[in-house]
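Asks: Sequence:
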Amino acid sequence: MLKPQQNETRDLLPLDGFWQFSLDGTNYDREMAVPGSVNDVFADSEVRDHVGVYYYKREIFIPRSFTDKVSLRFGSATHHAVVRVNGEEVGRHKGGYLPFECDITERVTPGTTCEVIVEVDNRLDMTCIPPGQIVELPDGRLRQEYMHDFYNYTGIHRTIYLVNKPERHVCDVRIVAGMDGVCHYEVTQSAPGDVRVTIEEAEVTGTGDKETLTVDKPTLWAPGEGNLYTLRIELLDGESIVDCYREQFGFRTVEVKGHEFLINGKPFYFTGFGMHEDHETLGKAHNDVSVQRDMELLHWIGANSLRTSHYPYAEEWMDYCDRHGIVVIDETPAVGLNMAVAGGILGTTAKKTYSPESVNEKTQAHHADTIRELIARDKNRPSVVLWSIANEPDTTDPDSRAYFEPLAKLARECDPTRPIGYVNVMTSPYDKCHITDLFDVMMINRYYGWYVDAGDLETAKQHFTEELAGWVERFGDKPIIITEYGADTVSGLHSLYNSLFTEDYQVAYLEANSEVFDNCDNVIGEHMWNFADFQTKPGYARVDGNKKGAFTRDRRPKAAARYLRNRWTNENK
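For the sequence shown, position 286 (counting from the first letter as 1) is numbered 288 according to my numbering, and the numbering increases by one without interruption.
Hints are computed from structural coordinates only; laboratory data are not their basis.
Please note that the accuracy of each hint is not assured.
[Unchecked claim] Label-pair restraints from in silico Cβ distances: (1) Lys411 <-> Ser47: 41 to 49 Å; (2) Arg564 <-> Asp479: 32 to 40 Å; (3) Asn521 <-> Gly27: 57 to 65 Å; (4) Asp520 <-> Lys59: 52 to 60 Å; (5) Arg248 <-> Lys59: 31 to 39 Å.
All C-beta atoms, glycine included, are put in the ideal place defined by N, C-alpha and C.
Put together the whole structure using the sequences plus the hints.
Replies: Below you can see the structure in the form of structure tokens.
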């Protein structure tokens with residue numbers, strides 16, 4: 003799905019701001035900001051703990067100039083949305099982290115107002131990605147259980163746009179551009195007609211829906227160098243321009259060769275973090291200032307990459323990565339597909355993961371939809387070098403292969419130009435995993451020295467080294483990215499003895515893990531878990547959230563941040 007834009011032929015209006023807000027759809031006696039997570043805004047727990055639908059309402063003026071194809075475009079609504087205009091349904095969407103658009107042309111009149119109601123449902127069941135379960139309590143209240151280890155923030159988290167575009171318009175464009183300066187493009191339009199396509203910076207022009215353009219000696223997009231070009235697509239009616247759309251892209255290549263990950267033919271070593279869209283009060287709501295602050299801290303610490311754990315991030319995040327040369331592992335919202343882990347620290351009921359009552363064909367169908375939608379959104383981004391189709395699923399169950407094999411095939415069909423992977427959980431080592439061979443890169447989350455061998459870093463190093471050797475022996479030359487490793491740390495807590503939860507132990511833990519990584523040639527990346535402390539659901543295993551961050555939740559550095567800065571800025575990986 004293309005981002006909305008304003009240009010010679012298109013108009014848009016952001017609908018950010020305060021909307022009327024209700025828990026029952028009748029009494030709109032509150033207001034709620036958009037974008038925003040509802041959970042941490044209100045002073046009473048009724049809103050925070052509500053399980054079900056939140057209602058947003060607003061009167062919108064349709065400008066007189068919006069006379070063509072008019073739509074409402076949502077960056078996301080978590081987790082389900084039904085959109086109504088003047089009382090009539092105009093669209094619905096399942097999934098909380100990807101964009102969707104509702105055509106309202108026949109429901110509105112330019113120069114008048116209309117009433118828009120958005121019903122946002124936070125309920126998760128086993129047909130959803132991520133999955134969850136609804137439990138009815140003895141007093142009749144509902145409780146949402148979920149298997150992912152971050153707070154289930156809900157709301158309209160990203161900007162809503164009122165969009166006006168021509169009746170005949172550009173629906174999509176796919177761009178593949180390599181180091182040689184050759185740019186392949188394919189345009190999809192709403193109705194057939196002539197097309198003119200230009201690379202603006204090079205003044206190279208072609209015609210037709212599908213063609214190849216060549217730029218002599220292009221400036222490559224590379225890690226740390228966000229060199230972008232602009233493809234201008236013009237739909238023509240004779241000499242008249244009917245529609246115009248501009249898509250930025252970069253000339254670069256990505257390849258897995260043996261145990262190396264090559265960007266523009268050069269070996270690349272990932273340094274950075276798994277992250278979260280998570281801030282005090284904002285929850286998961288997009289905020290440009292927060293994005294810029296996080297990106298500045300990534301630059302300060304020497305990180306060259308990030309994983310969008312565990313869901314697609316806002317398009318503004320991705321735009322920033324494109325512009326600044328930040329490498330991205332782009333992840334679907336498929337987290338929590340592991341009922342065994344759910345029965346551990348997350349405190350829900352352990353059961354067989356793949357079954358009619360748990361992860362099933364309906365789960366798989368929605369999982370497939372998220373893969374299609376994610377790749378459709380981010381396919382042209384040079385920053386995206388690897389698709390991650392799931393985080394920590396149960397892959398010890400033989401039935402995991404029947405679940406994941408068609409999804410891996412689908413990801414390759416949607417984008418044959420990038421490698422694919424999934425993130426392996428610690429309870430599924432090399433001798434028990436049934437799906438690793440389906441993927442190009444091994445991404446593993448390991449907590450030796452924390453969940454295993456806690457406090458005994460010498461033993462932790464030995465066990466981690468042995469496991470990495472097992473992966474290399476079984477799967478040969480596949481590259482390995484350590485996508486999570488970390489230790490919960492209370493900011494300001496210290497000890498002479500490197501005690502658990504202290505900043506001293508966190509640094510010692512990182513030092514031990516670094517030693518293991520440096521002694522394994524197949525390890526081509528390290529993403530500490532996590533960039534910053536983040537909120538989780540209440541439970542005895544978490545005291546006010548997950549504290550594994552190199553930074554606190556309000557972005558103050560722990561001692562670990564300075565250790566990583568020294569490692570990542572002084573070592574030439």
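Asks: Each hint: holds or not?
Replies: These are the hints, each one checked on the structure:
1. Lys411 <-> Ser47: 41 to 49 Å: About 45 Å separates the Cβ atoms of lysine 411 and serine 47, which means 41 to 49 Å holds.
2. Arg564 <-> Asp479: 32 to 40 Å: 35 Å, holds
3. Asn521 <-> Gly27: 57 to 65 Å: 60 Å, holds
4. Asp520 <-> Lys59: 52 to 60 Å: 57 Å, holds
5. Arg248 <-> Lys59: 31 to 39 Å: 34 Å, holds
The structure fails none of the hints (numbered hints given earlier).
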